[in-house]
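J.: Respectively, the protein sequence lines represent chains A and B. Quick note on this note's numbering: the first sequence kicks off at 1 and runs consecutively. Quick note on this note's numbering: the second sequence kicks off at 1001 and runs consecutively.
Hint data in this document are derived by calculation from the structure and do not stem from the laboratory. Every value quoted in this text rests on a predicted model; they were computed, and no experiment measured them. Here a beta-carbon is modelled for each residue, glycine too, at the ideal position from N, C-alpha and C. Treat the hints with caution; some may be incorrect.
Stated by the list, open to error - Pair ranges (Cβ atoms, derived):
| id | chain 1 | residue 1 | chain 2 | residue 2 | range |
| --- | --- | --- | --- | --- | --- |
| 1 | B | E1107 | A | G61 | 34 to 42 Å |
| 2 | A | G29 | B | N1010 | 36 to 44 Å |
| 3 | B | R1115 | A | E8 | 22 to 30 Å |
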Amino acid sequence: GNSVTQMEGPVTLSEEAFLTINCTYTATGYPSLFWYVQYPGEGLQLLLKATKADDKGSNKGFEATYRKETTSFHLEKGSVQVSDSAVYFCALSGYNFGNEKLTFGTGTRLTIIP
Amino acid sequence: GAGVSQSPSNKVTEKGKDVELRCDPISGHTALYWYRQRLGQGLEFLIYFQGNSAPDKSGLPSDRFSAERTGESVSTLTIQRTQQEDSAVYLCASSLGGRRGGLSYNEQFFGPGTRLTVL
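Here chain A stands alone, though its shape is the one from the complex:
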């Protein structure tokens, strides 16, 4: 079955540091890959996505590239801000007659200190 392995947290960085959160996956076929973010006190929201190999998803300064050869979708940001403090979830979905249920990693809690 499908699975997502995500870098364990928590991760604490200083403001303006470079961020990488690792994510690797196991899946049959050609899944879509996602990063979701949950800010304190808020619901889960989509941060970025990629639907095929070598696609790069980007949003709010975050980037992730769909690497089929390494089955990875690592999240990066060049200069983090305090407002980026949140829990980040890597996820994938297959496609089965309209069913695109998500398989999630366990989440990585990120804290940025000023």
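Starting from the structure of chain A, add chain B where the hints point.
T.: For chain B alone, coordinates are given in the frame of chain A:
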């Protein structure tokens, strides 16, 4: 409203009682999903609706769990004879669904969740 809503936001119940959790998806979204998140764990898929049908119930953990959807809108997740291990945040998500013209409409929009505590 513009987003997915869920009610109640918090529910505390005694072991053995039944509970109903409600989800109002975004209008026009034909696909609806239920997930749960137990403390310290990732989100687990429970059930998928396409319209009012549930072609994938593979994530329901036991026959105490059931769900329905009516009018291609509201969905209710029912847990009978609740157990302490049912304590979790239950999340609902909806999406337009499908792939058309080479584009995928698979982004899922999540509700705020219902935090269920079984004493």
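J.: Indicate, hint by hint, whether the structure satisfies it.
T.: Hints versus structure:
no.	hint	result
1	B/E1107 / A/G61: 34 to 42 Å	violated (20 Å)
2	A/G29 / B/N1010: 36 to 44 Å	holds (39 Å)
3	B/R1115 / A/E8: 22 to 30 Å	holds (24 Å)
Hint compliance for this structure: hint 1 alone is broken.
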